[in-house]
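Q: Sequence:
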Amino acid sequence: MKSHHFTKTLLAISVAFALGACSKQPTTEQTADQASAEVAATDTATNAAVDNSDNPFFQPYETPFQIPPFSQIKNEHFMPAFERGMQDHLAEIDAIVNNPEAPTFENTIEELERTGKLLTKVQRVFYNLAGSNTNPELQKLQRELSPLTSAHYDKISLNEGLFKRIEAVYQVRDTLELTPEKMKFLKDTRKGFVRSGALLSEEQKAKITEINGELSKLTTAFGQNLLAETNGFEMILSKEDLDGLSEGTIQAAASAAQQKMDKAETEEDKAKYKDKYVFTPHRSSMYPFLTESNRRDLREKLYNSYTMRGDNDNANDNKETAAKIAKLRAERAQVMGYETYAHFVLEERMVNTPEGVYDLLMQLWRPALARAKREVADMQAVVDAEGHDFKLASWDWWQYSEKVRKAKYALDEATLKPYLSLDNVLNGVFETSNKLWGLTFTELHDIDLYHPDARVWEVKDKDGSHIGIFIGDYFTRSNKRGGAWMSSFKGQSNLDLIERSVVVNVCNFPAPVGDDPALLSFDNVTTLFHEFGHALHGLLSNVTYGSMSGTSGPRDYTEFPAQILEHWAAEPTILKSFAKHYQTGEVMPDELIERLLKASKFNQGFANTEYLAASLLDMDWHTLKADAELQDADAFEKASMERIGLIEEIVPRYRSTYFSHIFASGYASGYYAYVHSAVLDSDGFEAFKEAGDVFDQDLAEKLRTHIYEKGSTEDAMTLYKKFRGREPKIDALLKVRGLDGSAD
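One point on numbering: in our numbering, the residue at position 413 of the sequence shown is 413, and numbering is uninterrupted.
Be aware that a few hints might be false.
[To be verified] Label-pair distances were calculated between CB atoms; the ranges are:
1) D698 with Q204: 48 to 54 Å
2) K239 with S600: 35 to 41 Å
3) H451 with D698: 40 to 46 Å
4) G464 with Q171: 42 to 48 Å
5) E203 with M308: 40 to 46 Å
6) T307 with K239: 26 to 32 Å
7) A628 with K460: 28 to 34 Å
8) N312 with A628: 24 to 30 Å
[Claimed, not checked] Derived lysine-lysine pairs resembling DSSO-like cross-links, with alpha carbons at most 27 Å apart:
9) K391 with K408
10) K140 with K480
11) K460 with K435
Simulated from the structure, these hints should not be mistaken for lab results. Only a predicted model underlies this, so the values are computations on that prediction, with no experimental measurement involved. A virtual CB, placed ideally from N, CA and C, is assigned to each residue, including glycine.
Put together the whole structure using the sequences plus the hints.
A: Put into structure tokens, the structure is as follows:
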């Protein structure tokens, strides 16, 4: 699933982390409604002894558009900047608490929003790099910083004096003549402190502190274990092992082997890769192999290396880590007065009960599973017709679904990819944004970025005014976590100055091979449009308070602005504007576009079933009660899947041991969000179809004004109804995914 993700730490003192796979992906457990513990006092004498005169975080960025000066930032700059940032932040909080004037909205709520700027500045850079361009030193720092930052925000969220001032303002809110945005900001601020434990007893606060500290360590460990597992397996093949593979896949594997050989330090290691071909559990490497290879034994080996990540009883094993995280969350929820962790989390979502989530998921599960079973039968018929004597297994799905697709629609990825070069697709999403809102994108060169793969564009509005900066980082590499996400190096705010965003999309597409450009699958294309939708949510944000900007709303709503943009990727007029053959310049033929669109509902049984299985697994983990014993992760997962009748030919999109969305990120009790947002995006795009013009300017303006610009300044359903004119219906989603019976 595209990831994705910002998430926020404590309200106005927050820092935005990556949206993530899609992942909104925070780096620790310190989400907006969770922070609470105590940080040890900074050793100021030690700080004074360190020469930080060259630390880029301690002075304004003297760079175009305040893009961080990446080449000047060294690993050794992070810890001093974090330490001073936390120290300054606490001093700013103390100034609010000790203000002799009576609490007001301005001197308490708005002043709280202004705090922590240095800490936010360094956090944005550090956690973005930790996800997209990490190294052993950054990983070590991440482990050290995880409990420190968790404790830091705990100290603020449990500051009794601070909460008293917030509560004093809250109690007289109806007399303050606040604007609707300010009133919601006040209510959200107060609610965040309450949900962080402000009303608990001292004993309960101490327990929350202990749990938060342990969770921050465990979630960091889970993510680092997963990265090590993913990078720890490689399948080295010889020429005779390549039967069935396309020339492009072979070249990519040869290039991977050459890169490994170039990095090898001994002659023995170099010889291991000489004239070989390397495949890894990274999806960009694995999926082409599973689709094309005629070596069933090797397909099984590579696929199992992916599905067994974190479940190999080694130093990177995540079974006990996942189980401990789930149990600690349940205990935390109990201390907070909730039945389960899911009850606690969902209180703040559009679907606000576990029962509501299960009901939504099961509405799709039943037709999706039935369709998946028919897909298995279609593929087994092909297996049998080829004269094979085996029952279809999960590692066969990609190859045989592709054979069925070719037979039904005369369509395969090899036919599509030459028309879908990365630059052409970027032009397509830029053109879409221009036709909807008049936005323009100018690529900037000679800008200091964090990796050679990263590119940067200035974004301007239709009147030529500056909107923000967009960074794209698209190719897989070993020091980048999996998935795709949007994040930010600088957020939008209109509080004191007009601050415009610097946002980044990070993906894991196959890198170009030789002189050819990077060629994308159509799934890659929709991923790019999706993440760019998140980027637009950050870029077009136009709110007063940074902590209410962009993707700050409920998780099951913030995927909507990303997912609705995906629909334009498959519109024929848009496709013809960017889908051009990288060698000949030929526009994708109408006949090929027609076949692509006809095949859009193909394999939806599999796609929906594997996603829904993971969503239900997430809910099962987080509806455990605090008194439940520590689970055996494999046994728990097996029982969960048996309850819903998952067929053996499908593995959940994420098994527990590599489900970073919920165990290392902010999607716990929230992976269902993609399907709830899909109800919104399918229903929302249907409005454009009903208007007879997918670029209808009245609807486009409503989409921008009520969705992309508003952040979390209003209730999510209120914003949707202002755009659509009514509440969403599920009918369009069932139709789009072929689960209404229309595609049978």
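Q: Hint numbers the structure violates, sorted upward?
A: 7
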